[in-house]
Amino acid sequence: MSLLITLLSGIFFGLGLAYSEMTNPAVVLGFLDITGNWNPSLIFVMGGAITIGLMGYLIRNRMSRPWLALKWAIPTRRDIDAPLIKGSILFGIGWGLSGYCPGPGLTALVNNPYEGIVFIVALIAGSALFQYQSKNTTKLQ
Amino acid sequence: MEEYINPLIGGLLIGATATFYLFSTGKVLGISGILAQAIFKKDKMLPIVFLIGLIIGGSFYGNLIPQMTAFPENRNIWLLIASGLLVGYGTRLGSGCTSGHGVCGISRLSPRSIIATIVFISSAMITVYIVKFLPIN
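Taken in order, these protein sequences are the chains called A and B.
With the numbering used here applied, the first sequence corresponds to residues 3 to 143, in that order.
With the numbering used here applied, the second sequence corresponds to residues 37 to 173, in that order.
The reader is advised that the hints may include incorrect statements.
Claimed, not checked - Reference listing, derived: stretches of chain A covered by chain B, where coverage requires no fewer than 3 residues with Cβ under 8 Å from a Cβ of chain B:
(1) 19-25
(2) 73-86
(3) 120-126
By construction, these hints were calculated from the structure, which means they are not laboratory data.
Positions of the beta carbon are idealized from the N, C-alpha and C atoms, including for glycine.
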């Protein structure tokens, strides 16, 4: 059951990205380019997603537990720390360079294979570098 | 306004999917986190299944029905590599990307996600502005 729900979630999330044309880096760059021919599409995508998401969280507050799990696994941290800010700055630079964030980068593996493969291989390398660094710091402590 | 109906419908679908995923699994739907689990976690089955679904759903529509904006021509390989490295490292250090912070985090009014989203959108806009003056692409 978990397998089917996870697969369906992936498919519908991907369809949502494609339907809103967020799978196309040219549309995303059009939003980020505020001094050019600005394309506000991304505001409608996020606005629509957050409207449903807000209602979802209100309903969740009345649910005792998830349908298929024993308890909720929702992040509880509220502190604004340096890694959050530094990481978000670096992510933003990377996003602005190509117009790909992780989801559209993955769908580009099929939509635009040359760009998708180069981007995703580099993304995994960046993620592996973080993994390696954080393992080393855990050992030191 | 007509050109914004599809983005709005797509966004509603993204929000509905993230909510459905939350209600069933109890987890936040964040692509960067799921991708990291698919690579580095011992139990990779579910994250990999999710990513396969995402790629199917995301490529299906674009390939069967023409989109309003054309895909860009293949760009400079070093630009794509730099972009991938920064997105890969930055989303791990900052604990999330456009889906985890931007959609799910703001939906639950998490102060960390609201700040992260403001920071990465600003940093991306500044980057796009600077790139205009550089001889790449």
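Verification of the supplied hints:
Using a Cβ-Cβ cut-off of 8 Å, 7 residues of the region 19-25 of chain A lie near chain B, which meets the minimum of three, so the contact claim holds. Closer than 8 Å: that is the beta-carbon criterion, and the region 73-86 of chain A has 11 residues meeting it against chain B, so the requirement of 3 holds. Figure legend: the region 120-126 of chain A, annotated as covered by chain B; annotation consistent (7 residues with Cβ-Cβ distances under 8 Å, at least 3 required).
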